[in-house]
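Undergrad: Based on the sequences and whatever the hints tell you, model everything.
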Amino acid sequence: MPLLEIKNLVTAFHTPAGRVPAVDGVSLSINRGTTLGLVGESGCGKSVTALSILRLVSAPGVIESGEILLENGRSTQNLVTLGERELCRVRGGRIGMIFQEPMTSLNPVFTLGDQIAEAVHLHEKVSRAEARLRSLEMLKLVRMADPEQRLHEYPHQLSGGMRQRVMIAMALVCRPDLVIADEPTTALDVTIQAQILDLLSAVRKRLSTAILLITHDLGVVAETCDEVAVMYAGKIVERAPTAELFSRPLHPYTIGLIAARPTPGASRSVPLRTIPGMVPLPHNFPSGCRFHPRCAYAQFPRCQTEPAELREVTPGHFVRCHFAGELDVPHNH
Amino acid sequence: MSDPLLVVDQLTMHFPVRKGLLRRVVGAVRAVDNVSFSIARGQTLGLVGESGCGKTTVGRSILRLLPPTAGSVHFDGLDVLAQSPRALRAMRRRMQIVFQDPYGSLNPRLSVRSILEEGLIVHRMGDAAERLHRMTTALDRTGMQAGCLDRYPHEFSGGQRQRIAIARALVLEPDFLVLDEPISALDVSIQAQVVNLLVTLREDLGLTYLFISHDLSVIEYVSDHVAVMYLGRIVEQSPAERLYAEPLHPYTLALFSAVPSIDPARRRGRIVLPGDVPSPSRPPSGCRFHPRCPLAETICRDIDPPGVTVDGHLVHCHVAARELDRAGGNASSAALRMAELVAETLDKSASEDSLASPSH
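Residue numbers (the working numbering), protein chains in the order written: chain A, 95 to 427; chain B, 7 to 366.
Just so you know, the hints here were simulated from the structure itself, not pulled from any lab data. Honestly, I wouldn't trust all of these hints.
[Claimed, not checked] Taking CB as the label site, the calculated pair distances span: (1) A:394 - B:212: 36 to 46 Å; (2) B:116 - A:378: 50 to 60 Å; (3) A:247 - B:307: 19 to 29 Å; (4) B:113 - A:180: 48 to 58 Å; (5) B:309 - A:198: 34 to 44 Å.
[To be verified] Quick look at which bits of chain A chain B covers, simulated, 3 or more residues with Cβ under 8 Å: (6) 191-200; (7) 287-295; (8) 347-356; (9) 366-376.
Here a beta-carbon is modelled for each residue, glycine too, at the ideal position from N, C-alpha and C.
TA: And the structure:
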């Protein structure tokens, strides 16, 4: 049984301008101890998917349908319908979350020690001394320099990389089974990013935590994830084990994303391969296949009129494209 | 090089830190320290480094948007820092800038027409009809329609706004463009479009670029020469292919190896630097990189490494200088040796380091 299974999730925002389906029928599963990468560009719905898991989507966003099943011994709990009290036990207890901007996710008026200890107090009946000890342990686990000192410091006294370590410590302090990391390194410099990714990998091995890693950076996904799901316009368009996805991408959008990065040693006289046009806004998604206006392989009228289903093209490799596997696509890496 | 368009010599930018009621100067943020480089006409210098290294400050100082504390900037033979306000204005027509944030760099209250026309009016470039012609030409060059003149920035996407910002820079027909992280705020699929545009414009219009970015892949693609900055200093500088093939400075090595890559072959031997970048108000003694450097020696703590140049490849590092000497000036061998030394040092420390084990 997978640790977490999302089935046909639909999360929509009911705005004055109309209904905006940010997540439009997404299905994913994560097994214990594995890392799933959810990759896509801005507006594709990846963050809303993550927030939906813990029912953190603010109004006017609403989970309209679908199930989010968390393994619970022999059975499962549906997080969509779970009572508020039970859900609070899940948040931080069984599923931890690391947010993108450590600057804005930490409370500026409380010490770091207090913020980590708060997570402990919410889930376990421990004394203040015990909670403080646990906080200290976590700071050591995330390789924070001078951890005793840090317990008494405030977020503004720390650099971005250090704040992110604190976020990771907070997310892990109650030993959750799953950690959702929403763009955990996007705001960090590349050498600090390397430290944080290295840390996440070590921590995952040590604690056997599953990770749902949300990012737009294909390189990060390639290095840290067991499986990858690519999102576009509210839907999953491709899903496969990591090595398979990068050696044999099948969806034109995935192919385009991979090709858009300059390869080392590329000659400047050769223009970069681009995906023409722009990401569509959820207010008016294109008809049929949502990617068709930008797709180099689109065939009319089918791609314009008929939405594609997510099909298993080869074992474990799912693609949402009428012509997946049949396209003559260059594999240039 | 013959007749460089831009020559920057010992550029220094210190920002005073003031405290107390009397606003006494108690220290300085040494954002840029003795930075020197030149750019030949039609070429692109890539300036790469992480946050706080001073690259944005360099870009702005060159245009005298910030007054340098020391050093000189010569544009087409003229001393930028000595120009009178009137002469500076005329010079600024030829030196333009595109900023990182497409949402912050366009005035939301001005129509695109006003945004593009402002510079033309200030520099008295033509009457209304001619200004219109220049604006539509600039828009056309950046792939935007003339119809957007009467619209406002908020009606456009990030990529489109950046095109408008580029059109604004181009409308005055400059010779030189400072591009300060022009694509960082854009989605990956749009980045490639804007990069292609910038390369095309450079070829078609004979432009010279200072391209500032933290994105190594893009820098490698667009640049002829690359300078790597760390904490206010240039630590390494060379023709682009040479830098990527044979990096000499330990920081450059770490920077390159830190970039996550799709290609499995590039992931071997990841160098993870310890700690954070120190504050530019309290830079370390000697070589500023020494506290984080896997190869640091006593001399690195005491003496700021002088620059050593071999075949147009400049590096500020005691260890690299020694290896270059041993290799008889052969940069390739020295670079290989530097990579080996770093790998050896990190292997040793990896076996000593282990994840702390909590009691639960």
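Undergrad: Take the hints in turn and mark each one as holding or not.
TA: A quick look at each hint next to the structure:
1. A:394 - B:212: 36 to 46 Å: Taking Cβ atoms as reference, residue 394 of chain A and residue 212 of chain B lie about 42 Å apart, which means the hint holds.
2. B:116 - A:378: 50 to 60 Å: violated, 28 Å
3. A:247 - B:307: 19 to 29 Å: Holds: the Cβ-Cβ distance is about 27 Å, inside 19 to 29 Å.
4. B:113 - A:180: 48 to 58 Å: holds, 51 Å
5. B:309 - A:198: 34 to 44 Å: holds, 42 Å
6. 191-200: Violated: only 0 residues of the region 191-200 of chain A have a Cβ under 8 Å from chain B.
7. 287-295: It holds: at least three residues are needed, and the region 287-295 of chain A offers 5 whose Cβ sits within less than 8 Å of chain B.
8. 347-356: holds (count 6)
9. 366-376: holds (count 7)
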